[in-house]
Every structure is written in structure tokens, then in C-alpha cells.
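Peer 1: Produce the entire structure from the sequences given, and follow the hints as far as they go.
Throughout the sequence shown, residue numbering follows full-length UniProt numbering, covering 1 to 647 in sequence.
Be aware that one or more of the hints could be misleading.
Simulated restraints on C-beta separations [claimed, not checked]: (1) V613 / E57: 17 to 25 Å; (2) K210 / N65: 21 to 29 Å; (3) V106 / Q575: 53 to 61 Å; (4) A617 / P309: 27 to 35 Å; (5) K184 / K103: 24 to 32 Å; (6) G51 / K103: 34 to 42 Å; (7) R262 / T385: 52 to 60 Å.
No lab work stands behind these hints, which were simulated from the structure alone. Glycine included, each C-beta is placed from N, C-alpha and C at the ideal position.
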Amino acid sequence: MIILQVQDIAKRFNGENIFSGVNLNIQEKSRIALVGQNGAGKSTLVKIIMGEMAADEGQISEKKNLTIGYLAQDTGLDSNKTIYDEMESVFDSLKETESKIHKLEVQISQDNSTMSEEEFAEISKTYDNLRADFESNGGYVYEAEIRGVLHGFGFGEADYDHPINELSGGQKTQLALAKLLLEKPDLLILDEPTNHLDVETITWLEGYIKNYAGSLLIISHDRYFLDQIVNEVYEMAHKTLTHYQGNYTDFINQKELRNTTRMREYEKQQAKIAKLQEFVDKNIVRASTTKQAQARRKQLEKMDVIEKPVDYTKVARFLFTTNKKSGENVLKVSDAAIGYDHILSEPVNLEVKRHQAIAIVGPNGVGKSTLLKSILGKIPLIKGTISFGTGVDTGYYDQEQQSLHKNKKVLNELWDDHPTVNESDIRGILGSFLFSGDDVDKLVADLSGGEKARLLLTKLAMQHNNFLILDEPTNHLDIDSREVLERALRDFEGTILFVSHDRYFINQLATATVEISATGSNAYLGNYDYYVDKKAEQLAYKEREESQNAPTQSAPQAVSSDKQYYQNNKEAQKQVRKLTREVAALEEQLDTLTIQKDDVESQMTLPENFNDVQKSADLQNQLNNINEQIENTEELWESKSMELEDL
1 MIILQVQDIA KRFNGENIFS GVNLNIQEKS RIALVGQNGA GKSTLVKIIM
51 GEMAADEGQI SEKKNLTIGY LAQDTGLDSN KTIYDEMESV FDSLKETESK
101 IHKLEVQISQ DNSTMSEEEF AEISKTYDNL RADFESNGGY VYEAEIRGVL
151 HGFGFGEADY DHPINELSGG QKTQLALAKL LLEKPDLLIL DEPTNHLDVE
201 TITWLEGYIK NYAGSLLIIS HDRYFLDQIV NEVYEMAHKT LTHYQGNYTD
251 FINQKELRNT TRMREYEKQQ AKIAKLQEFV DKNIVRASTT KQAQARRKQL
301 EKMDVIEKPV DYTKVARFLF TTNKKSGENV LKVSDAAIGY DHILSEPVNL
351 EVKRHQAIAI VGPNGVGKST LLKSILGKIP LIKGTISFGT GVDTGYYDQE
401 QQSLHKNKKV LNELWDDHPT VNESDIRGIL GSFLFSGDDV DKLVADLSGG
451 EKARLLLTKL AMQHNNFLIL DEPTNHLDID SREVLERALR DFEGTILFVS
501 HDRYFINQLA TATVEISATG SNAYLGNYDY YVDKKAEQLA YKEREESQNA
551 PTQSAPQAVS SDKQYYQNNK EAQKQVRKLT REVAALEEQL DTLTIQKDDV
601 ESQMTLPENF NDVQKSADLQ NQLNNINEQI ENTEELWESK SMELEDL
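Peer 2: The following block contains the structure:
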């Protein structure tokens, strides 16, 4: 059932279309991502849905009594209450019902000699109805639910009495989201919900909203998060909205296939046009072939010409190159204790070889950025040693962007570092990072977070270092810029050590993952998913080991049992990963077949095809073949999916 429908919406500013012809359907239990470049109009569309802004054309219809919860980007909870009292206010109606129940209990338990049977029956009936209503609306579990949500966002019982107006902006944003989750609106609209959250909290949030009873519309740059949550994607691009089925990765694959298909159709038609035009040019003046030439000319005139597909999306063009090659051993950190006035993590051991890309992960506050600054000599180690290999030339991306000079113009920020380079070349380099025209004369202080990030990357690219140390390089970047950065770093011939909360980015780039905790470092020879799998294996083995209570003489047998359990668990996880890949591949195949089906059905509606018996028959055969493939693929997908669920 559709709970909200956006129909042919258009919005203009100063007479120019921001978008037009926008259609969006939200069903019960929809899981929708709204993606697109910064400035494409995503937030404007959401404001129109929320009634905060009027559309210039079109309409929005919604289910009667639809409740909508909206969390704007970086919106904090403004309240004078304590954390727990504010969360508990969500359930004021339940508390009122609870109070009525207690009053009736007192009334029923008192001497009823003055009460008639009818009055007593009426009170009992009211009591039973209130109890049933209280129970069905979670009256007996709401306190546990509050504690669970607060715990998920990192607030323990010691924080419950803390006034909200004394918290940081990030904490207020987390509490605004926590309150929305407790309110359980029919439709939850979230704009960048993972901002200000560490990986552990994001993982908890993924699990929570996967089971959310209502519908979700999410704007996010966190591609891993979107892959875990959504099954539909709407892309705002080219001043309109395009719908795709599947998660974010499915959307990327479908978009690439669609663009390739459109270009192939364009090139095929252009070849046909050229051939027809060549015949006309050669034969129009010949008496014997004039009629054929005229017929082909009419064919050209009637042809519905396909426009050349053009990607109007402006993205930066990152490129990192090295001036010299480093030695095989790039960096070694031995038995380090990192921190400021106290130790955050110990012992930290790290070895970095040439061409590696090592991700550093761990909870907030454990010292990941501190480790990078210690490696760079900005903060001394409390203990331990750091040594660089031969020929290592280090470049640093600082998430705090402190190496930028706020009072300089964009042009001078780069040119002052490279005074011998021509101004036109500097402007060309800045242009490739999307600084063009008047942008280069802006003061650094006036730039947005995303613009500062691109400027810092521009400066880094100009240094041609062979060892890049990056602290949260994807912060402030939109999805398109993140993907361009990923490609540039994958093509980089040097070595990379980076801290990131962007799990998708880590998966794309990391050859190894190092986890930092209070008790030191642990290395995993793979990307983020590999690291998570290995951690799960280790935890399963540890839990099994701790659960053994066998006598001492049975220890050898217990160890053997543990090994068997670990091996079985490992094989089960391998099977899960294998089936997950197979299911994803089948879903991608279904998407491709669906696009092919739509294409054939579209061709069948063209006059030149349905008026041609042979062409129509050929297209019908193609359609029958595709439908058969879809049916077979769906059966296989269902079988594999059920097998995966059983595991």
C-alpha cells in the first residue's frame, strides 16, 4: 500500500528549474535511499514533502493520519530536560494510561458495598480495556526500550540525569535520532543519520532500523550503511529523479549498465543515420535511384533521433603521483604507547610495506588520529619507537584541516606553496578539483567543509609524496567525490596509511586492517569485511572456549571439541559468504534481464516494429526467451535465498 506519493513535482528558484517531473512512491515498509550530488535538490524535495516549502508544480498525497518523523542533517535536540526525562516524554500518553489503571486498581480493591453491580462491571470493563490498550502499545516494555536505545547511542545510566542543553552538538543530534526511533512514526526521513556516530554505533543503528516497522527514506553518503538498509534507490540528477531497485551497489551497477545501453543505442542509430545519409548524398541526383534516395531521406526526417548521452555530473579529477620510489620497508612502529597526559592505547605495533594500503579502525577516543600525529612527529610517543624506511616521502591529510590558511584565497593557498608554477597551470589544477572561475578568489575561511576537503586534497596531490597518511579523508565529500578519490588512491603507486569510519571506502582500498583498542593493536590481512569476519570467528572461538566446564582430565578432549566448533563455525561463515555472493549475483542478473525486458517491450511499441510482422515476431521471441530466463533466475534466487536464511 502506498502511504505517500509525490507526483510530477517541480521546483524553481529565480526562474530556473531545480528539478521537474519528479515522482516518488513510498510504500508501507519501504526502505528507500535518496542520493545525488550536493546541491542536486535532495533536501529541497524533502522540505516539500514535509510541507516546509511549496512546490511550483505537481502534488503530494499521503495516507490519512500518516505520521512522519524527520531528522534534518546535524539537527540537535533542544531541551531543558534531562536525557532520560526527554526520552520518557515520548510515552506521556502511556504514562497517563498507567496512572488511570492504578487509580482503577485502588478503586476496585476498596470496599465495594456502596457500588452497584452495574457500576462495578463498568469499572472492571474500563480497567480491562485500559490494560489491554496499555499492553498492546508497549506499556510494560517502554522503559526497557528507552534504556536499549540510549545504550545503543552510547548513553549509560550514569548519563540519564545529565541536562541535554549541556551536551555537545553531536550528542544532541544522536539524542534527536534516539527520540525519533522511540516515537516510531509511520515514515522516518533521515538526512545523514550516521554523522557523529562511530562504527560501533552505526552497526547498532543498522540492526535496529532493519527491524523498524515503518517506512524509511534516507539521505546518506555512507554507502555501506545504504547497502545494509535500503532496497530502493532514487537518484536526483539532471534536474529529475530516477528510480532503481536494490541497494546502493545494485544502483551503481544498474546505472552503469543503463548508461552503457543508452550509449550503444545512440552509436547504433548514428551509424544507421550515416549510412542512410551516404546513400541519399550519392543517389539523389541519379535518375535511376532518385526514388530510393527520396524514400531514405523521408525515413531520416521521420526518425526519432536519440540524443547523445552526456554525463552532466561535475566531479573532481583526483590524481596522485610519486616523484620517487621508497624502499620496501616504509614504516615500523614498535611497542608504542600513544596518548597525551595518559596512555590511550598500548602496545601498538605496526609494519607498513611498499604498495600496502592499511586502514586503522577502532572506537572514538582510542587514539587513532593520535597515532598518525605521533608517526608524523607532531605528538611524542609516551614510549616505544617509530622508524621510517629508505626514501620515504610523507604527505598528510589532516581531518581538522589545520594546514589550510583561512585568510588566504584559494589560488594563493596552492600558488604560495609552488611559486615557480605558472598561474594558468595552478588554475588548471584547481579546475580539475572543481575550483573554477570566481571560486579561486574565495577566502579559505568562506569555503564549505567539502570545498576545504577538496582544496586539501589538491595540495596533497601537488606534493607527489610516495607515502600518504590520511585522517578521515572522506569526511565532507559527497558520494561522487568519494568514489573518484577511491579510484585515485587505488591507482596510486605509493603506500597509504589511513584512518576512516567509512566502511565502504575501507573495503574498496584497504589491503590490511589494523584495529586499535586500549589494549593495543591487532592486524588483519584484509579489508573491512574480512576484519569483521575474522573478529566474529575469534569471538565464537573465545565464547566456546569459555563455556567449557569439563574436568581437568578432560581438557585434551575439550580443546579438540573447541577446534571442531571453531572449524564448523568457520565453514558455516564461508558458506554464508558464498551464498551471499551468489544471491547478490542473481539479483544483479535479474536487474539486467528486467532492463532487457523493458527495452524489448519498448521496441515492440514502435510503429516501425509492430507494423512489421517479422520484426514483431522476432521481438516476441526475444521477450519469451527473456521471460523464461527471468523465471529460471527467480527460482534459483529463491532457492539460494532460502538456503541462506536456513544458515
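Peer 1: Could you run down the list of hints and mark each one as holding or not?
Peer 2: So, going through the hints one by one against the coordinates:
{"no.": "1", "hint": "V613 / E57: 17 to 25 Å", "result": "violated (43 Å)"}
{"no.": "2", "hint": "K210 / N65: 21 to 29 Å", "result": "holds (26 Å)"}
{"no.": "3", "hint": "V106 / Q575: 53 to 61 Å", "result": "holds (59 Å)"}
{"no.": "4", "hint": "A617 / P309: 27 to 35 Å", "result": "holds (30 Å)"}
{"no.": "5", "hint": "K184 / K103: 24 to 32 Å", "result": "holds (27 Å)"}
{"no.": "6", "hint": "G51 / K103: 34 to 42 Å", "result": "holds (39 Å)"}
{"no.": "7", "hint": "R262 / T385: 52 to 60 Å", "result": "holds (57 Å)"}
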